[in-house]
Amino acid sequence: MTSQPVPLTLALPKGRLLPKVLELFESRGIALSFEDRKLVSYDEGSLFQAFLVKNNDLPTYVNFGIAGLGICGSDVLYESGFRFFKLLTFPFGRTRMCLAGRKGYTPKDYPRHLSVATKFTRFTQDYFHARGIPVQIIRLEGSVELAPVLGLAPLIVDLVETGETLRANNLQIIEKLDDIEVHLIANPSYYKLHYQSINRITEMLKEARE
Amino acid sequence: MTGKRRTLLQIPQGTEAFYLEEAYRHRRIIADLDRLYESWGYLPVYTPIFDFFDNYRPLLSEHALENVYRLIDREGDLLMLRSDITLFLARQMGLALREEDLPVRVYYSDVILRHQDREDISRNEFFQSGVELIGKKGKDADIEILLLLARTLELLDLPGSIHLGTRALFEICSSGLPAAQHAKLGEAIATRDESRMLSLFQERDGVSADYLTRLFKFIGTRQELHEIYLEGKRNSYLSEAGQRELKYLNVLLDAISKVAPETAFRIDLSEVGAQPYYTGIVFQVYLSGQDAAIASGGRYDRLLESFGSPAPSVGFSLLLRKVEPAIGNHERYARAKVEHVTAPTFEEAFREAERLRKSGKIAVL
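Protein chains in written order, with my numbering: chain A, 1 to 210; chain B, 1001 to 1365.
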C-alpha cells in the first residue's frame, strides 16, 4: 500500500511556541500562516493541513485522530495521559519542571504529608508516589507562585524558565523534577497509515534542527 | 448536578446502550460474520461475563490491569468482568478440551467491559468479534488466521492495513534483561521511543543496540525486510533464532501473496503484541479515519497451558462497535421498507400482513 498524497494533519499550539515552530518550518520551505484569526491553514506545497489549537487541548485532538500530528511540550503530554509516538525533539521551548517553596526551605523540611499547589496534578502525584511520598495536591490554573506566599500550600510544582517570578516572590527552587522538551508527536494509528510521508517530514525537520 | 440526576442521565464509563435501527444493523453485521466463520468450519462459543480475578492476574499487562473492573462476590472472592474474550475463552477451553478434540475452531461476538476515561470515549472498546484456532501450531494455522482476518475486512468493506510483527523476535532480542527492563523495552518499542530503545538494548548488548533499535522500528515491504535481515546476518547482530523469525514472516507473506495477492499487509516489527501472552506472530489492523487499531491478534502457544491444557493457538478479534460506522456498502445492513397495513377490519389487516410477511416483507399492523 502506498501513502495517500493528501496533506498530513498537524495541530499547532497557540501561544509562545507558535512563532518558533513557524520559523523552523519556514526554514525548511514550509510556509504556514494563520491570518485574519483563521484557525486552519495549508502550506503552499500542501504538505500539511494545520490547525491552531489551545496548548492544553492539543493532545486531545491528536488522540482522537482529528490531527494526526502535533507539536507539544512534554508537560502537557504527560498531563493528558494519552499515548503518542514521539517522533522528534525540538531545540526550542526547553524548560524545567521544579518543586519550589519559600526561601530557606530544604528537602529535609518535607513534612510527612506533602501539600503541593500545581497545575500539573498527574505529574506531581506520579512523581511523589514513585518515591513513596504521600502528597496532597491543590489544583491551581495559574499564578501558582501565590500559593506559598498566601499560605495555601508551602510548596508548588511548576515550570521554571529564568526563575525571575520565583525570586520576585521570595521563593526558590528546591529541586528540579524533570526536563521539559517540545516534541513532534503522532497518533499511533495515523503514523502507521502514513509512516512514509511522516518519516520524510521528520527527516526534513531533523535536518533543520541540526 | 445532583447525584440522582447525574446517574439518570449518564451511563458508567466503559459500557454503552444502543437501540432500534442501530441495534438492528449491529445484529445483521454479526449474522454476516457468523456465516463467514461457519463457512470456514468455526463453531460459536460463549464465555462467562465474570470470572475469578486470580486466574488472570499473571496474564494481564499493567495497562490491562488498570482498566479491568473488579468486584467481590458473596464468598469474598475477587472477580473480574470480561475485558478480553481471548483470555476468558482460553480458560474455558483449557478446562473443557481434551487432546483428542484438537484442533478446535471457535468464533464469538460478545460484549467486553473495560474502564474508559471520560476523555477517551472514542475508543469504543465495547464489543469483540473474533475467532480462535486452538490446538494447531505452525505456518498453516498462522496463514489461515491471517487470511480469515483479511476475508473479514473484505466482507465488511473495511480497507484496513494489516501490520504484521512478531512477539517471538522481541523475546529473543530482549532475553537476559530483567523483567522490569523487559517491560520497559516492550513499551519503548510499541511507542517507537528511539532513545529509550537504544539505551535498553545497550544494557543488554552494546554491539548490536543500534541495529536492534532500527530493526524494531522497521515498517516496510518484504524486500526491505530482506535487506535488514541480511545486514543482521552479515554483521552477526541477529542470532540464528532471530534470523529464523524474520524468515518466517517472509514465508507467511509469500504463501499469502499466492492465494490472496490483493491483501494489504505490511511487515511492522514495532508490533510486539499488546498482551504479554502472545508468543509468535502478532498483528494489528489500522484503518484511515480511526484513532486506534480496529483489530488485533496473534499466536499464544502457552496461554491454555496456564489453565491446564497445553494447546498452541492463534486468533484475532475485531472491535466491532468501533468500526460499525466505517463499514462500507452501508445500506446492505439497513432495515428493509416497512409496510403499514390498513384494512377495514383487524382480521383483514392481519391476513394481508401475513401474506406480505410470507413474501419476505416486513408488515406492521
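Since the hints were derived computationally from the structure, they do not count as laboratory data.
Quick reminder that beta carbons are idealized off the backbone N, C-alpha and C, glycines included.
Among the clues, some could well be false.
[As the list claims (entries may be wrong)] Taking CB as the label site, the calculated pair distances span:
#1 S115/A x H1330/B: 54 to 64 Å
#2 D36/A x P1178/B: 50 to 60 Å
#3 S46/A x G1328/B: 25 to 35 Å
#4 A1260/B x Q196/A: 16 to 26 Å
#5 E203/A x E1062/B: 43 to 53 Å
[Said to hold, decoys possible] Among chain B residues calculated to face chain A with C-beta under 7 Å, some are:
#6 Q1092
#7 A1096
#8 Y1286
#9 D1291
So, going through the hints one by one against the coordinates:
1. S115/A x H1330/B: 54 to 64 Å: holds (56 Å)
2. D36/A x P1178/B: 50 to 60 Å: holds (57 Å)
3. S46/A x G1328/B: 25 to 35 Å: holds (27 Å)
4. A1260/B x Q196/A: 16 to 26 Å: Cβ of A1260/B to Cβ of Q196/A: about 23 Å, so the range 16 to 26 Å holds.
5. E203/A x E1062/B: 43 to 53 Å: Because 33 Å falls outside the window, the suggested range is violated.
6. Q1092: violated (31 Å)
7. A1096: violated (36 Å)
8. Y1286: Since chain A brings a Cβ to about 5 Å from Y1286/B, closer than 7 Å, the hint holds.
9. D1291: Since chain A brings a Cβ to about 4 Å from D1291/B, closer than 7 Å, the hint holds.
Hints 5, 6, 7 from the list above are not met by this structure, while the remaining hints are.
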